[in-house]
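Colleague: Please model the complete structure; the sequences and the hints are all you need to start from.
These protein sequence lines map, in sequence, to chains A and B. According to our numbering, the first sequence holds residues 1 to 149 in order. According to our numbering, the second sequence holds residues 1 to 500 in order.
Think of the hints as simulated: they come from the structure by calculation, not from any bench. You may find that some hints are simply not true.
[What the hints assert, rightly or not] In silico lysine to any residue, SDA-like type, Cα no more than 25 Å apart, as pairs:
| hint | chain 1 | residue 1 | chain 2 | residue 2 |
| --- | --- | --- | --- | --- |
| 1 | A | K73 | B | R247 |
| 2 | B | K381 | A | E118 |
| 3 | A | K73 | B | K427 |
| 4 | B | K427 | A | K135 |
| 5 | B | K381 | A | I123 |
| 6 | B | K427 | B | M413 |
| 7 | B | K282 | B | I336 |
| 8 | A | K135 | B | L25 |
[Said to hold, decoys possible] Away from chain B, derived, C-beta distances all over 12 Å, residues of chain A:
| hint | residue |
| --- | --- |
| 9 | R93 |
| 10 | V133 |
| 11 | I145 |
| 12 | G147 |
| 13 | W149 |
Predicted model, so just to flag it, every value in this text is computed and none were measured. By construction, the Cβ of each residue, glycine as well, lies at the ideal position given by its N, Cα and C atoms.
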Amino acid sequence: MNRLLTKDFLSGLMFIAFGLGALYVGHHLAVGTPVRMGPGYVPRMLSLILLALGAVVCIVALVSGSEPVERPKWKPITLVTIGIVCFALLFERAGLIPALIVLVMIASLAGEEFKLTEVIGNIVVLSILCTLVFKVGLGMNISVIQGIW
Amino acid sequence: MDLLDNLFLGLSVAFTFQNLTYALLGCMVGTLIGVLPGIGPVATIAMLLPITFHLPPTASLIMLAGIYYGAQYGGSTTSILVNLPGEASSVVTCLDGYQMARNGRAGAALSISAVGSFFAGTIGTIIIVIFAEPLTRMAQKFGPADYCSLMALGLVAAVVLASGSITKAISMVFLGLLFGLIGTDVNTGAQRFTFDIPELSDGIDFAPIAMGLFGIAEIVVNLERHLERGGAIKVGSLWPTREEIRRSIPAVLRGTLLGSLLGVLPGGGPTLGAFSAYTLEKKLSKNPGQFGKGAVEGVAAPEAANNAAAQTSFIPMLTLGIPSNAVMALMVGAMIIQGIQPGPEVMTKKPDLFWGMIVSMWIGNAMLVIINLPMIGMWVKLLTVPYRYLAPAILLFCCIGAYSLQNSTFHVMQVAVFGVLGYVFVKLGCEGAPFLLGLVLGPQMEEYFRRAMLLSRGDAMVFIERPISLGLLITTAALLILMALPSIKKAREEAFQEEG
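Modeller: Here it is, written out as structure tokens:
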């Protein structure tokens with residue numbers, strides 16, 4: 001088990017997965033001939049090379065071993081990703097400020113310390129700053145709060 | 001003389017109010033992120049890429065360049081004062097810089113590193129001016145096959161000098177090349193890997209990928225690690241003693257030379273320059289025992305080297321259109337956003353942009369001495385801002401920046417996806433830089449490859465029959481073989497061990 005959960009072995013698997021994925025998704029693209037290459041020629045070539053390299057990485061990792069993967073901490077990556085997705089969903093529907101509040105709240109939860117007063121202070125400062133820079137300064141076509149400004 | 005004409009053109013462009021302002025802005029931002037640990041120039045430039053879309057091309061490149069070399073200055077400040085390298089390139093400065101600070105010589109260390117950096121930056125700029133034209137002229141003789149081989153060399157060389165496993169890094173290059181193909185095929189109009197998403201048919205946008213891979217992944221890793229801050233230290237007098245000056249002058253000269261050379265190499269750049277310069281000083285010194293205890297040479301040489309390298313790493317990007325490191329890949333991205341195809345044509349078709357940018361780099365270096373020395377107190381105060389305020393703010397700017405690219409939330413989602421991918425890369429010890437280089441060069445490389453094959457009627461021998469292409473390919477192969485040799489492999493591993 002430990003032999004498989006190493007950085008190099010998993011990287012190799014990742015490369016193989018990407019190579020297979022690209023072959024599968026691009027299977028309908030015409031390959032053509034070396035003189036008149038179709039849209040699929042170069043993608044297929046690259047996918048096959050990636051597959052081969054991935055296999056080499058895997059084999060080398062199995063034969064000579066590699067560092068074990070550090071156990072990931074799920075909280076930061078999950079919360080940060082959720083925060084960005086919420087921002088994307090809210091930004092056009094609700095406006096800059098609501099999206100900002102949600103993002104900063106969620107992102108602050110991802111850290112080790114969370115003090116509500118600090119986070120609120122941060123939100124206020126960032127709201128003013130972003131409105132000034134992006135709406136007033138750069139004149140971006142965004143709504144600060146949907147339907148109001 | 002042509003050279004002088006060019007310089008005057010550059011001066012007239014760089015000394016407009018607008019361009020001076022953006023140079024100053026870039027230097028300020030660069031110093032700021034250099035001082036703040038946990039956010040580097042790659043992430044910052046990635047985040048600011050969308051904003052440059054709203055600026056004129058010259059101004060935007062001047063600003064981005066300012067961020068890059070500004071970060072080298074700022075990074076040294078924190079290394080010396082609080083033993084925290086703001087940038088990878090100033091890690092070695094910590095060794096002796098912080099010791100000097102503890103001996104009460106913080107001010108002297110700061111001013112030597114600032115003045116040494118300025119000197120190195122000046123020399124670096126002069127080198128760019130001298131070599132830009134001949135290199136460009138050479139590049140204009142290149143045919144499609146030559147270009148394809150040149151890119152292969154650039155990619156392989158970048159991989160060789162990157163840390164970690166070479167096979168993994170090469171795989172990352174290919175993965176990047178593959179991602180670069182997403183979009184409509186230029187020759188046939190076929191949709192490739194677009195999954196019927198209309199936003200992807202113009203090709204995958206470079207900025208959200210860079211933001212996700214470098215910005216978001218960096219934030220997450222920092223949040224995991226919980227950054228600690230040391231207390232600020234007293235700066236003291238900025239004036240070095242006569243003895244310190246006498247010892248630093250030769251060190252600065254050697255550092256500048258070494259840094260300039262290593263900066264031009266693909267995959268080189270400031271970090272490699274700084275480490276090599278430190279090692280060189282230690283080897284040359286009469287009493288190497290002083291190193292690590294506050295030897296002034298240990299500050300002067302790496303600081304000069306990282307700045308010289310930061311300057312000269314622009315050479316391959318400006319003349320050949322081949323980025324030598326992740327920051328240069330982003331600069332290529334910035335040019336493409338502005339509708340400029342990087343390569344030898346930039347100098348002939350856009351001389352004002354080319355020379356204006358070069359001259360502005362020198363002006364920026366002069367500004368940085370002023371920004372860094374008298375205003376040192378302000379930067380020290382900034383060190384006390386905790387990361388839990390910064391992380392959400394950085395994240396927010398990433399999101400708004402991504403949205404502003406094309407006023408679409410699709411790009412924000414893309415940032416999230418590539419953030420996760422970037423995190424996976426970090427966890428698996430895969431370098432993001434080779435991926436980025438592959439991504440930037442992918443579309444062009446395919447174009448040149450197909451054109452070369454069409455011209456040769458499908459005969460792959462064209463890559464060996466053209467002398468330029470052959471030479472480049474032999475160099476590429478030689479590099480790969482060299483790296484596979486056991487003795488060099490071992491030395492390389494040791495070199496990176498020291499770095500980590």
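Colleague: If a hint holds in the structure, say so; if it doesn't, say that too.
Modeller: We went through each hint and held it up to the structure:
1. K73/A / R247/B: 48 Å, violated
2. K381/B / E118/A: 19 Å, holds
3. K73/A / K427/B: 11 Å, holds
4. K427/B / K135/A: Distance of about 38 Å is beyond 25 Å: violated.
5. K381/B / I123/A: Since the Cα atoms of K381/B and I123/A sit roughly 22 Å apart, the hinted pair holds (cutoff 25 Å).
6. K427/B / M413/B: Holds: K427/B and M413/B sit about 21 Å apart, inside 25 Å.
7. K282/B / I336/B: Roughly 43 Å between the alpha carbons, so the hint for K282/B and I336/B is violated.
8. K135/A / L25/B: 20 Å, holds
9. R93: 9 Å, violated
10. V133: Violated: least Cβ distance 9 Å, not greater than 12 Å.
11. I145: Since the minimum Cβ distance to chain B is about 15 Å, I145/A lies beyond 12 Å and the statement holds.
12. G147: Holds: least Cβ distance 18 Å, greater than 12 Å.
13. W149: The assertion about W149/A holds, with a minimum of 16 Å to chain B.
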